[in-house]
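Going line by line, the protein sequences match chains W and Y. For the first sequence, position 113 matches number 113 in our numbering, and the numbering has no gaps at all. For the second sequence, position 103 matches number 103 in our numbering, and the numbering has no gaps at all.
FYI, nobody ran anything at the bench for these hints, they're computed from the structure. A hint or two may mislead.
To be verified - Below, in silico cross-link-like pairs of lysine-lysine (DSSO-like), each with a Cα-Cα straight-line distance of 30 Å or less:
id, chain 1, residue 1, chain 2, residue 2
1, Y, K151, Y, K169
2, W, K97, Y, K41
3, Y, K152, Y, K74
4, Y, K169, W, K27
5, W, K27, Y, K186
6, W, K97, W, K280
7, Y, K27, W, K169
8, W, K152, W, K97
Number of protein chains: 2
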Amino acid sequence: MATRATPCLSRFNPHFTQNVIDAMGPKTGPRTRQVLGCLIKHVHDFAREVELTTDEWMMGVRFLNAVGQISDAKRNEGQRISDVLGLESLVDEIEHKLATETDEIPTSSTILGPFWSPNAPFRDNGDSIIMSPHKGQVSLMRGRVMDFVTKKPVAGAVVDIWQASSNGKYDFQDPENQVDNNLRGKFRTDGEGLYSLYCLHPTPYSLPTDGPAGVLLNLMDRHPMRPAHIHLMVGHDNYKPVTNQIFPKDDPYLESDTVFAVKDDLVVDFHPLEGDQNAKLGLEYDILLVPRD
Amino acid sequence: MATRATPCLSRFNPHFTQNVIDAMGPKTGPRTRQVLGCLIKHVHDFAREVELTTDEWMMGVRFLNAVGQISDAKRNEGQRISDVLGLESLVDEIEHKLATETDEIPTSSTILGPFWSPNAPFRDNGDSIIMSPHKGQVSLMRGRVMDFVTKKPVAGAVVDIWQASSNGKYDFQDPENQVDNNLRGKFRTDGEGLYSLYCLHPTPYSLPTDGPAGVLLNLMDRHPMRPAHIHLMVGHDNYKPVTNQIFPKDDPYLESDTVFAVKDDLVVDFHPLEGDQNAKLGLEYDILLVPRD
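Working from the sequences, and respecting the hints, build out all of it.
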């Protein structure tokens, strides 16, 4: 049976998009040409498929400008919009496609999010990252970093941990209640690949909804909640870095994370802890690292 | 012959995009669902097709934020980015698809651009819109507004005209050289549908390249030039409005307009004018309006 052109596309100039793509000059590198050419194609196909009106396009232009206007050194609304549309999570999947194509899956990477800080201090194993008052439950988190291939411990790996406080805010969003680097810390694994620290059982929280991301979520009739999570970034010179979020298994937003970052192997189980005067809960979490070539 | 899935797409979670689209709640209206669903699909397909890396995605996020950060009441960088990618011109084509589907084509609409002003004053036919010093050639522009169907004159139509000065700048970009509403004016057609005014033979100019649009044009190895043009917006209560740009036929940038707004029937011919002490050039330009319903 012969195929035919989609009727809704055929009424428009069939050469327009290729003309725009072909306007790129000879000094454009091949990767830039590929990425921007594909972007132009999809932007145009989107507009033709929905027959975008001038009013809708202008609404989009105003939205685009508003994203940057509310952003500053402490607020990245562009990243948030990208997250709400699932793009950061998808890019994460793309970057780690090789890992997902193997039978054995190393610890999943997931989105970095806008709350990582380059300034988190090194702390000793067994230290607490809790520096300010809170209403959460203190937990002892510990585990082993291992080589994905050999399953041997990786000594000297850096486990960078960050989390929101029990009010759902990170330190730099909440300077009146939290000191700098509250609930942040870097831990170096010992000779057995072990790390350990005290942190909070995490709390679900809402993305800020006073900007374009809130407008977009409202348009889509979606809640702004992220399931409770702890962020980890694990690195070692000889291994590919892993950026993770881990989620308590009983969180009500696991199935509807507003940034689509939950993966099955990132759901963890906090258990009651006995015999530790500092913590009521315990969490064991091991991390597998893939060697660099 | 059986079709098969594109290999480069099959390695990714085939349900992810539909899950993001299906996250929209029941209160999302059908048009919003259609537009945002299609947008999500194309954004995701783009990322998968080029296998967008985290670094490239983050470059895009920074670019997105920069667009709004340089925009203000007098600068709409979001619209400019959209123009450089051909989107405004495409949306214009979509809105006017019905006109292009008829055999007889009424005066083409084209992009409004960011330089229209709601404050342009009414002037009398035969007046000049030139209020400030310039280095251009004064031209007498005149024509008739007619009904597309009956070809009869349309009396009382408003012809709103705006153009850049000979330095390539519009009045509000150039307050040190131009008074407010220099090279802007609204003219009402007389009983014969006629309008007339003195304006400048237009000059090609560059889009501002000190912001994200300049970055994007540089990446694409494209020049930032627009062919010389005069903007028109023609309206009448009984007719569909037309927004136009007209271009001198000898302009060097007709084939490579950086916002892709040139259409064949918008290319016009300025001719030497004799017997008018105010102008050296003449331009006749008629406009056909489509009746409402």
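Evaluated hints:
1. Y:K151 to Y:K169: Roughly 36 Å between the alpha carbons, so the hint for K151 (chain Y) and K169 (chain Y) is violated.
2. W:K97 to Y:K41: 19 Å, holds
3. Y:K152 to Y:K74: 39 Å, violated
4. Y:K169 to W:K27: 29 Å, holds
5. W:K27 to Y:K186: 44 Å, violated
6. W:K97 to W:K280: The hint is violated at about 38 Å.
7. Y:K27 to W:K169: 29 Å, holds
8. W:K152 to W:K97: 24 Å, holds
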